[in-house]
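Q: Numbered per the numbering used here, the sequence shown spans residues 1 to 250.
In short, the hints are calculated from the structure, not lab data.
A couple of the hints might just be wrong.
[What the hints assert, rightly or not] Quick list of the computed label-pair ranges, beta carbon to beta carbon: (1) 2 with 148: 28 to 36 angstroms; (2) 152 with 75: 27 to 35 angstroms; (3) 41 with 203: 19 to 27 angstroms; (4) 237 with 127: 33 to 41 angstroms; (5) 174 with 75: 17 to 25 angstroms; (6) 208 with 152: 40 to 48 angstroms; (7) 176 with 3: 22 to 30 angstroms; (8) 133 with 232: 33 to 41 angstroms; (9) 246 with 127: 36 to 44 angstroms; (10) 237 with 203: 35 to 43 angstroms.
On a predicted model such as this, the values are computed, not experimentally measured, just so you know.
We treat Cβ as the ideally placed atom computed from N, Cα and C, and that holds for glycine.
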Amino acid sequence: MESLVGRRAVVTGASSGIGAATVRALAAAGASVVAAARRRERLEALATDLAARGAEVVVQPTDMRREEDVLRLFAVARERLGGVDVLVNNAGLGRAAPLSSAPTELWREMLEVNVLGLCIATREAIQDMERRGSAGHVVHVSSMAGHRIPGPESGVYAATKFAVRALTEALRQELRARQSPIRVTAISPGHVLTEFADVFTGTPGAARALDGRFKVLEADDVAEAILWVLRRPPYVEVHDLLVRPTAQRN
């Protein structure tokens, strides 16, 4: 099992849910982390809590829809930590936005965060890793919606996650073509108790209502899966990992 002590990580969407859980897990494993998200106050609360435990967490407010923000995020990683060895592309969102009727802005938001922002972050991380000769790792937090269409209002959201699957395989092929040691993984969670369902439906408490029907995943479950992937030996590349609640049907 590979050690994460001394590794430098960037985690996007780190202010809550899977992102915050991943920052905590990486910090506990001995990594230094740059935590990125739009909500500065939540990032600072997370960093303060972890600093009390001796962890190094750098806060960098970042809007994944703004390229200049993403570029600044990696500049900060270089300035504060010396670079990045691990990128966890966790920032993402879904909207109930049918293809036949939804306003364009909802589609644009999902495409810009889930696909374009992920691409820009990936490019910046890969270039930094290769510049320093780091055998790094890029983890895309995708979704079970990247493997099937969950419902009639989910088409565009699912399309963004199908795109993440394609980008994961394309990046794997790019890296192998130039014999790079950098690995890439997509992790596709099913239902997780986070803010996602509330945002998707526009209904506060939607996630809790779902958890009342059957036990859904906790954010820590997904963070543990991410750490398991990162700790595989260098010759092992876990390419696509599906993680869902036992009771989830689809």
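Q: Hint numbers the structure violates, sorted upward?
A: Result: hints 2, 4, 6 and 8 break, sorted rising.
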